[in-house]
Amino acid sequence: MLALQILIDGFAISALYALGATGFTLIFGVSGVLNLSHGAIMVAAAVAAWAAASVLHLDIYTGALFGVGVALIVSFATYFVVVKPIQNSTRIPNEEKEIFVLTGTLLWGIMIQELIAYFFTNNAKTVLPIVEGVVDIFGNRTPRNNIFTALVCCLVIGLLWLLVNRTRTGKAVLAASMNPRGVTLLGLELTQIYIVVWGIYGILAGIAGVLLGMFLGVSSYSVGPLTASAFSIVVLGGLGSVSGSLIAAFVVGYLETITAYMISPAYRTIPALLLLVFVMYIRPQGLLGRR
Amino acid sequence: MANFFSSRLFFISLVCVVVAATLPLYVSGYILGLLTVAFYFGVFAMAWDLLFGFAGEVNFGPTFLIGTGAYTAGILNNQYGWSVYVCILLGALASVVAGFVLALPALRVRGPYFGLTTLVAVLMLQNFVVVFADLTGGEIGLTIPDVITINAGVNYWIALGFMTVSAAILYGLSQSPVGLVLQASGQDPVQAGALGFNIVKHKLAAFIVSAFFSGLSGALLVFYFGTASVGTVVDVAVGVNVIVSAVLGGRRTVLGAALGAIFLIVAGEFLRPTGELATFIVSAVALLVVLFFPGGFLGAALSREARS
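So the sequence lines, in the order shown, correspond to chains V and Z.
Counting along the first sequence from 1, when you hit position 247 you're at 247 in this note's numbering, and nothing is skipped either side.
Counting along the second sequence from 1, when you hit position 100 you're at 100 in this note's numbering, and nothing is skipped either side.
These are computed hints drawn from the structure, not numbers from a lab.
One thing to keep in mind: the hints can contain errors.
[What the hints assert, rightly or not] Not everything, but these chain Z residues come out facing chain V in the computed CB check (under 8 angstroms): (1) S7; (2) L9; (3) E305.
[Said to hold, decoys possible] Computed beta-carbon distance windows for the label pairs: (4) Z/A300 with V/F119: 29 to 39 angstroms; (5) V/L58 with Z/Y26: 53 to 63 angstroms; (6) Z/G172 with V/S243: 42 to 52 angstroms; (7) Z/Q187 with V/N179: 20 to 30 angstroms.
Computed from a predicted model, the values in this text were never measured in an experiment.
Positions of the beta carbon are idealized from the N, C-alpha and C atoms, including for glycine.
Bound conformation, chain V alone:
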């Protein structure tokens, strides 16, 4: 019985981790940017969805859409205000652009976090779930929202797969992650591809954020831990490898759930961290990463 419960509970949280990490790894794969404002964008989406419902009194669906829209806007803002100026800067040497993007997005994330805390306080906010109630799966009472979360995550990841592998735009994105110079030689504007990727990223992070708001609730304190968990999942899976991130998300999600059920919720994150250190030592490029 416990095993089944872990299986069900772990699936929803893992699917959510997977969705959150996919956008993060996509950005890295295509433009080599590690976006440390990731957690802030997710929280912004969730808080926007919450505010739409409880402050503006919109219905749940409009609220959720509003949240995703805010994430999209913040994502574009991150690209145009922070990342692009650093990438195009002539005063920063190329080999140091990475650390500048890291520092810049980190500061940007703190700014978003502080603005959220200023306007909406630090209190935890729970977005009203789209589906309510519980169902009984072989004797385990499971909130319908868990199943809904898992389904939406799988659906969105499936759509992303179709977009990347089956459409012209998606193929351009894929090509840019393999060989940016080759793509420009084929007459595609690299900047436009980046804009598309940041758009996809914004939507993914937005959906993940809103779902997280319904599933666990968020506060401005969740920003750091969310960024750290996406970062560790992505590194565990191999930077830039989307399928690696998916596997890693499920490994981390289940490891956390098992620890929380079998040992104690207080130790929830420790085994995943130990696993990460272990993988770093024996396989530094992550599960499916290329060097």
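Fit chain Z to the given chain V structure using the hints.
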């Protein structure tokens, strides 16, 4: 080295230190307390700059080193009541061991992978503190029975003296042949190795020196505060402040990192009337500096002097 003593930078630093040393004679204890913390933070930032600016290692976990030093010193004093100076020394030594542990992955993985490993180290330390609450005081914090002194002026002088000595040693090291080899191995490890320099040895040395100063400063800081807590010496946010200080002041300048730290702490305090927006404003200023003056305060000043 000789022309350093006749350079303008040396005189400006000397004047700053002399002026700073006379502050306790005419400013309030409140400002002294603020600057005392800022000076310890300055050492954190300088030690970080040695690793990043020179060895080229992006260490996201400066608080792993700081926290190890701080908590070791605090626990020894709290549990066994050993003398303050023994505790501080042992704290610094524990931090050196931590630096050695942190250096092991650094010699295997690079860039973001190393960054994550260091971040994980901080999270592990944080979990350790919370889980072993009997020993460490957990989330509430560890009370430290002894203090070095309760005189605000003396505390200030200790901090200033410690920062000055650390700055002299770290700056001297960065300008020495060892520093140059370190810089070369940070920028192009393959070529530096091909020139016959032992990169592993130099990087390990950089980690140990950085860890020693971080741990020493962390231990001194907890004896100043009279308490060690996750929020003051281990939290990732503290590490972020250290990194921001170093980038703000000018990476690869060592002295700039201390300037950045003092600016960050003092600005944060002066913006206190703006309430919760203080952190927002400081981060926004730091972001503007990163975007428009990537060399940082000291970097911008030095390049202007070099041009004129």
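Unsatisfied constraints (hint numbers, rising): Hints 1, 2 and 3 are the ones this structure does not satisfy, whereas the remaining hints hold.
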